[in-house]
Amino acid sequence: MKINSPLEAYKYLPQTNCGECGEATCMAFASKLIDRSGKTTDCSPLIKEKKFAKKLAELDRLLAPEIKEVEVGVGERAVKIGGDDVLYRHKLTFFNKTKMFFDVTDTMEEAALVERVKNIANFKKFYVGRHLLLDGVAIRSVSNDPAKFAAAVKKVAEVGIPMIFCSFNPEVLKAGLEAAKDANPLLYAANKDNWKEIGELALEYNVPVVVSAVNDLDALKTLAKTFAEAGIKNIVLDPGTCPTGKGMKESFSNFLKIRRAGIMGDTEIAYPIMALPFTAWMAGISDPVSASYWETAMAAVFTIRYGDIMILHSMEPYATIPEVHMAETIYTDPRTPVAVDSKMYKVGNPTADSPVLFTTNFALTYYTVESDLSSNGIDCWLLAVNTDGIGVEASVAGGQLTADKVKDAFDKSGFDLKKDVTHNTVITPGLAARLQGDLEDKLSANILVGPMDSGRLPGFMEKNWPPKK
Amino acid sequence: MAKKAKLSEMTDMFKDMDILSLEGVTIEGDVEIELNGLGGGFDPMLAALLGQENAVLAQHFARLASMFGVPVGIGAPAGVPAAAPAVSPALAAPKLKDLIPAKFDFENIAEWANQIQEVPIGNTSADGGSRGKRVMLGGEKALPFFPDAVMPNRNQVTIDVFDMRIGLAKAVKVNYDEVMDSPGEWAKKNVEKFNADMITIHLISTDPLIKDTPAKEAAKTVEEVLQAVDVPIAIGGSGNPQKDPEVLAKAAEVAEGERCLIASASLNLDYAKIAEAALKYDHDVLSWTQLDMNSQKELNRKLMKQCNVPRDRIIMDPTTAALGYGLDYAYTNMERIRLAALMGDDELTFPMSSGTTNAWGARESWMVSSPLKEDSDWGPREYRGPIWEIITGLSLAIAGNDLFMMMHPTSVAVLKQITQTLFGSIEAEPVDIANWIGAEV
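Listed in order, the protein sequences are those of chains A and B. So the first sequence is numbered by the UniProt record's numbering: it starts at 1 and just counts up by one. So the second sequence is numbered by the UniProt record's numbering: it starts at 1 and just counts up by one.
Treat the hints as calculated values from the structure; they're not laboratory data. For each residue, glycine too, the CB sits at the ideal point set by N, CA and C. Keep in mind that the hints are not guaranteed to be accurate.
[To be verified] Derived lysine to aspartate or glutamate pairs resembling EDC-like cross-links, with alpha carbons at most 20 Å apart: (1) B:K297 <-> B:D345; (2) A:K257 <-> B:D148; (3) A:K118 <-> B:D345; (4) A:K257 <-> A:D85; (5) A:K155 <-> A:E197; (6) B:K103 <-> A:D266.
[What the hints assert, rightly or not] Quick look at which bits of chain A chain B covers, simulated, 3 or more residues with Cβ under 8 Å: (7) 120–129; (8) 145–156; (9) 230–243; (10) 278–285; (11) 385–393.
[Unchecked claim] Residues from chain B that keep clear of chain A, each with C-beta distances beyond 10 Å, as calculated: (12) V191; (13) E192; (14) G257; (15) E298.
Pulled out of the complex, with its shape left as it was, chain A reads as follows:
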């Protein structure tokens, strides 16, 4: 982004405070443009009235992210990569979290191929009220046979998730493109030997393309510049991902250098970067668990430092779950509030006989407890105590979660343990067990110490609910 203050954006707006964008003033809207929570298309006068066309174009140019945004795939599961403006997430946030593509080959048996692709497409892991997913499939042409590759592409395309076509052979890639017209796959890759043919394919089929030069940033930039000048807009960079030793250190440095140059204004190399943790499987690690760990570690390193899209192999849950969590971790907006409202929540349809629990108002804790209860069909009352958005263990240790605070939360919520429920019982988080005595005094209620992890609440409820008199 070439500008960073709302005032600068304001200059290009109609300045009529018409309110059509949902903001009371153009200045408020300008702030949203700067923090990227609003888009110029939300301002209808700017879009519709011809007299603003020039201003709109200029504003869009100024607001464009430093790192080009590239889309892969079509439809609901299409993914965007790139689009970043800063080197450190706390300075704004990172946009478009790292996309995880898992490999298949064009030599796989059809049934095995289809099964793997479905596993990739259907994977989900619950996190804070929604699911983390895997993003797409990278089809490696091991056969180097255009017909075989096209057949594999057809099968994968049926599942409808984004694809990367992997081959250095233009004929193979062309066959794939013919087999999946309009799927907007990412072509991997143009290198020093095949760039003319691959570039022509990218132009002809209007698809995004990776330029690849292992450990040679001059060559990488040369390829990117050549493609850009020829009118190719959607470029992804592969500087090589070496899996071991000094090679890996060099790869890491290359990612840092490319992203820093891009953010600092070198537009010729300001494109999303591809990492290949897949190469962990070429490092000669014989035990598959160890190879998988190494791949996951590489994925974490390049998720944190600027990999925008990656190709991976292991579909073991012990590898994939931390990978998707790491992408979420780094790309979560650090500016959004971390807490839920401190109040009494209903989970399911609680009655006067239903259990009463409390937890902290830290969003992660709250959503975890809430989903453990609701997904197991436990109707109950759940009080979120204001701990300044700190989790249970830390807030007990730090004094943000005390018996007084819990009592205060009950009082403020207007929930009366003596009248609103029949049992006058409260279940505490297991990690707040040390508050039991104090809570009994302060609330004049029975206190049951719950499990250390809310995932064990279903079993706990079976044994302990309703409470014994």
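Put chain B on the given structure of chain A with help from the hints.
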């Protein structure tokens, strides 16, 4: 309507086109050639003069050649007419002709001039202690593993020992079950078998709600560990803010001269008492705050200004939340602290330590399967746990963390391997990744 052309005209035309001869074509005498099917108004000469329609002209040459009995098109003998290749570069000229050379420049960031304080842990005999080695933390002049300035000291791992049997995740416990009743044996195993750079002894039995072990007795455990191993040690309390200052002061006393890391001073306890003991008996202080850069500055300032702790005796623990359980805050907190320090904030210019074992509190690391019915299969937990600890720690290493307090042997091994690879001290046979697409996996 047919047009007629004389061969002499054709010859002139060829001259204009820089074509000297039609290979393999022999023409004798002055022959009239009839060009058929050219459509109305077509004038090859004019086309040539206008410098366009090369392709159309080429077709005529091809026809010409064929009229003279020379086969053209598919199956034409190699090297016969220039006509065949001329047919193919049909219409749209390629957009990509030549590479446009570009040079990549990278400049170091000058504002990273401030250096992180170097802090040693452990005194060898030369320093007046009995440790076999000393570890050095800090000294960075840029973010970790960045090419601007080489990191002088690698990351270090200290493995936990507890002064009593405690509940541990199964995958962790199997490694320690037979030594859990002896802190000395436990420490030895951590060093000899699991390659620990340091040992952390946690005096958790001193908690009034656990065993309320007196400080004096707890100090004996510290002596036991100091004798069992010769690596530097960190000494932790139970986390009880009333009891910890007394326990840690006593522990500091029995470990006099060993330059241990006393864990921890925090804002919710008598940090002055801990700092005083650390100074008196030659130790370092772990300055622990909870996910808040400003609290961290405040505590560091108090340690330096109120308690006179020298700069080379402070290590910070800004709190580690596990992957999926707040690591996003822990990560950014550390990165901000490190960046602020490198850019000149003297109250934050210290090495950092992480309680990486917190990762074992995440359900993904120990629970048999997901409690949520709609989740995909989580797979075996014995493989999930160690990688949870590795990834939690690894991310913080990249954010600026120097010292890791860890538990699982596999996690320790992999974290060391990857951080030392990024540090540049791992030699490995280069792997040719050029043809990864066809790799057999």
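- Query: Which hints, by number, does the structure contradict?
  - Reply: As far as the earlier hints go, 3, 5, 8 are violated by this structure, in ascending order.
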